[in-house]
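Asker: Work the whole structure out from these sequences, hints included.
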Amino acid sequence: MQKSVISIGPFHPLQEEPEHFSLTVEGETVVDVDVEIGYNHRGIEKLSERRNFEQSTFVIERICGICSTSHPFAYTRAVEDIIPVVVPERAQYIRTIIAEGERIHSHLLWYGLAGHFLGYNTVYMWMWRLREEILDVMEILSGNRNNYAMFKPGGVRRDINADDIPLALKKIDSIIPTLDRLKKAILDDPVLHARLKGIGILSKEEAINYCALGPTSRASGVDRDVRKNAPYGAYDKVDWDMIVTDSGDVWGKAVVRLLEIYESIKIMKSCLQQIPSGEIDLNLKSIPPGEGIGAHEAPRGETFHYVRSDGTNRPVRHKVRAPTFMNLPTCKATVPGSSISDAAIILASIDPCYCCTERMAVRSPEGDKIYTGKDLITMSREKTAKIKREMGIP
Amino acid sequence: MTRDAVLQDLKGKFREDILDFSDKSPKRVYIEIKPDALVRAATYIFKDLGARFHIASGLDARTHLEILYHFSIETMNLLISLRVKLDKKNPKVDSLANVIEGANWIEREINELLGIDFPGHPDMRRLLLAKEWPKGVYPLRTDYKEWDKKAIRDRGV
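These protein sequence lines map, in sequence, to chains A and B.
Residues in the first sequence are numbered from 1 upward in steps of one, following the numbering used here.
Residues in the second sequence are numbered from 1 upward in steps of one, following the numbering used here.
I should point out that these hints are in silico values taken from the structure, not numbers from a laboratory.
Predicted model, so just to flag it, every value in this text is computed and none were measured.
Idealized CB from N, CA, C, for every residue including glycine.
Possibly wrong hints are sitting among the right ones.
Stated by the list, open to error - Calculated pairs, DSSO-like style, for lysine-lysine (alpha carbon to alpha carbon, straight line, at most 27 angstroms):
#1 B/K24 <-> A/K285
#2 A/K332 <-> B/K47
#3 A/K204 <-> B/K47
#4 B/K47 <-> A/K46
#5 B/K47 <-> A/K228
#6 A/K369 <-> B/K88
#7 A/K46 <-> B/K89
#8 A/K285 <-> B/K47
#9 A/K237 <-> B/K24
#10 B/K88 <-> A/K46
Stated by the list, open to error - Just the calculated beta-carbon pair ranges, DEER-fashion:
#11 A/K46 <-> B/K135: 52 to 60 angstroms
#12 B/D48 <-> A/S286: 37 to 45 angstroms
#13 A/R314 <-> B/K89: 23 to 31 angstroms
#14 B/K135 <-> A/P84: 53 to 61 angstroms
#15 A/Y371 <-> B/P134: 33 to 41 angstroms
#16 A/N121 <-> B/D48: 43 to 51 angstroms
#17 A/P84 <-> B/K89: 34 to 42 angstroms
#18 B/Y44 <-> A/K237: 34 to 42 angstroms
#19 A/F58 <-> B/R126: 53 to 61 angstroms
#20 B/P122 <-> A/K46: 24 to 32 angstroms
#21 B/P134 <-> A/G143: 50 to 58 angstroms
Claimed, not checked - Stretches of chain B that chain A covers, calculated by requiring three or more beta carbons in the stretch to come under 8 angstroms of a beta carbon on chain A:
#22 19-33
#23 44-56
#24 61-74
#25 127-140
Answerer: Next comes the structure, spelled out in structure tokens:
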């Protein structure tokens with residue numbers, strides 16, 4: 001059969017970040033796939049060499065809008081590995097709390113996008129609605145909904161107020177019933193089963209050979225998680241489980257992410273309850289010559305930073321490896337053989353890193369009232385009822 | 001195997017090839033190895049010891065170029081970094097991409113950013129830099145100079 005090439009991207013209404021996929025198809029079956037990246041290359045590694053160790057934290061926090069904590073986490077650990085020093089325990093707990101909050105909202109974000117890619121916009125709406133709640137928790141704890149700016153080499157920049165902890169815990173508890181309902185809705189949904197099971201399978205051998213990371217590898221039965229394998233922060237001080245399934249398909253990746261949200265809630269709650277008092281910062285004055293490696297299990301997989309210092313106040317080399325760098329090439333193994341319609345969700349199943357979140361408040365047309373979430377739901381229901389009345393639907 | 005057994009095993013197997021062995025901390029080991037032994041050593045660590053390949057990181061150390069290949073053995077929480085030092089005049093080291101699929105992209109990246117050759121790489125195209133970027137200009141080299149400030153500014157970057 002004659003082969004044709006479908007070009008997706010680099011600029012595309014569905015994908016928020018520029019990447020260029022070339023799908024070679026025979027009829028509707030994809031036989032080969034090629035990815036071209038580099039449309040978003042900003043030279044951050046070079047930029048980091050021109051900033052001092054503390055300024056670099058801010059630069060790399062802006063590598064990604066969603067996992068804005070994962071890069072600073074890995075970077076600060078790399079700098080601390082040069083000396084080496086151990087960060088105060090309270091700072092470890094604060095870092096862990098922020099990192100897990102980020103994982104929750106990042107996984108919810110992926111669920112929203114995945115629902116959207118599948119044309120299942122109910123999932124999209126519900127998940128992003130729920131994500132707002134967790135962003136509020138992050139705002140209570142850090143003052144920011146994204147780009148928390150909590151990290152610095154040697155500790156954390158700000159403390160968590162003791163008064164805010166009960167409020168944050170209450171808010172986390174309040175999302176669990178909704179999450180339970182969504183979990184049931186997703187796991188029991190026959191449409192999602194039909195749509196996601198058995199497609200885009202990444203075998204265990206392939207996952208190892210491609211060096212896949214995070215939920216992408218854990219869904220293929222590879223039990224790798226930096227938080228368990230090489231514990232840091234407060235991950236060895238609280239009780240949680242690593243989620244591993246062995247189906248390797250898109251469904252497996254979705255299940256891993258869903259269950260990881262629960263583990264993250266568990267970690268976050270225990271950390272907030274057990275957080276010890278004490279110093280939060282070592283006030284590092286200078287970084288000696290040497291090299292250090294830091295890793296952190298970000299929502300999409302391990303971020304890996306290598307930093308070399310020559311004793312001045314700037315790094316001479318700062319290598320950043322984001323998880324998508326290793327996960328994206330797995331499309332060579334997962335996409336060929338699938339149909340065109342499945343390719344979009346398979347490519348999205350690794351959770352390629354999208355930038356996110358605008359802050360929004362809805363005002364009434366007169367501008368005299370700011371609507372709450374409850375108001376908006378009531379208005380939405382009223383509108384649906386009105387449309388139904390007009391169309392004569394009972 | 002324990003941590004010490006693994007390190008002794010590596011020292012024994014690659015006795016001729018190891019140039020420097022630095023046991024930095026319980027979790028970090030840096031091994032400098034001859035460039036022509038890299039593929040053998042990396043294959044042994046990846047396949048036989050079951051280590052995970054994190055990434056390679058290249059850098060310009062002014063007198064020479066350097067690549068570190070980072071592996072970790074998760075069961076013992078040990079990160080092994082294989083270091084190769086390459087001559088600046090003709091920097092090249094055999095490609096790992098045929099053994100470890102995960103090394104494919106990073107070798108393309110190092111090739112364009114630092115100008116190191118990887119003989120045997122199956123698909124050596126540019127990964128990150130734009131098509132109009134001139135050949136032979138490597139942004140992560142220490143002697144790099146912005147080649148066309150105006151062009152970049154005109155594009156609104």
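Asker: Hint by hint, say whether it matches the structure.
Answerer: Here is what the structure says about each hint:
1. B/K24 <-> A/K285: holds, 22 angstroms
2. A/K332 <-> B/K47: holds, 21 angstroms
3. A/K204 <-> B/K47: With a Cα-Cα distance of about 14 angstroms, the restraint between A/K204 and B/K47 holds, given a limit of 27 angstroms.
4. B/K47 <-> A/K46: violated, 33 angstroms
5. B/K47 <-> A/K228: Holds: B/K47 and A/K228 sit about 22 angstroms apart, inside 27 angstroms.
6. A/K369 <-> B/K88: violated, 67 angstroms
7. A/K46 <-> B/K89: OK: A/K46 and B/K89 at ~22 angstroms, within 27 angstroms.
8. A/K285 <-> B/K47: violated, 42 angstroms
9. A/K237 <-> B/K24: holds, 26 angstroms
10. B/K88 <-> A/K46: Holds, at roughly 20 angstroms.
11. A/K46 <-> B/K135: 52 to 60 angstroms: violated, 19 angstroms
12. B/D48 <-> A/S286: 37 to 45 angstroms: For B/D48 and A/S286 the Cβ distance comes to about 41 angstroms; the hint holds.
13. A/R314 <-> B/K89: 23 to 31 angstroms: holds, 28 angstroms
14. B/K135 <-> A/P84: 53 to 61 angstroms: violated, 41 angstroms
15. A/Y371 <-> B/P134: 33 to 41 angstroms: The hint (33 to 41 angstroms, Cβ to Cβ) is violated, given that A/Y371 and B/P134 are roughly 55 angstroms apart.
16. A/N121 <-> B/D48: 43 to 51 angstroms: holds, 49 angstroms
17. A/P84 <-> B/K89: 34 to 42 angstroms: holds, 36 angstroms
18. B/Y44 <-> A/K237: 34 to 42 angstroms: Since B/Y44 and A/K237 have Cβ atoms about 36 angstroms apart, the given range 34 to 42 angstroms holds.
19. A/F58 <-> B/R126: 53 to 61 angstroms: violated, 29 angstroms
20. B/P122 <-> A/K46: 24 to 32 angstroms: Since the Cβ atoms of B/P122 and A/K46 sit about 28 angstroms apart, the hinted range of 24 to 32 angstroms holds.
21. B/P134 <-> A/G143: 50 to 58 angstroms: Violated, at about 45 angstroms.
22. 19-33: Answer holds; 4 residues pass the 8 angstroms Cβ test.
23. 44-56: holds (count 4)
24. 61-74: Check passed, 4 qualifying residues.
25. 127-140: Our answer is that it holds, as 6 residues pass the Cβ test (under 8 angstroms) against chain A, meeting three.
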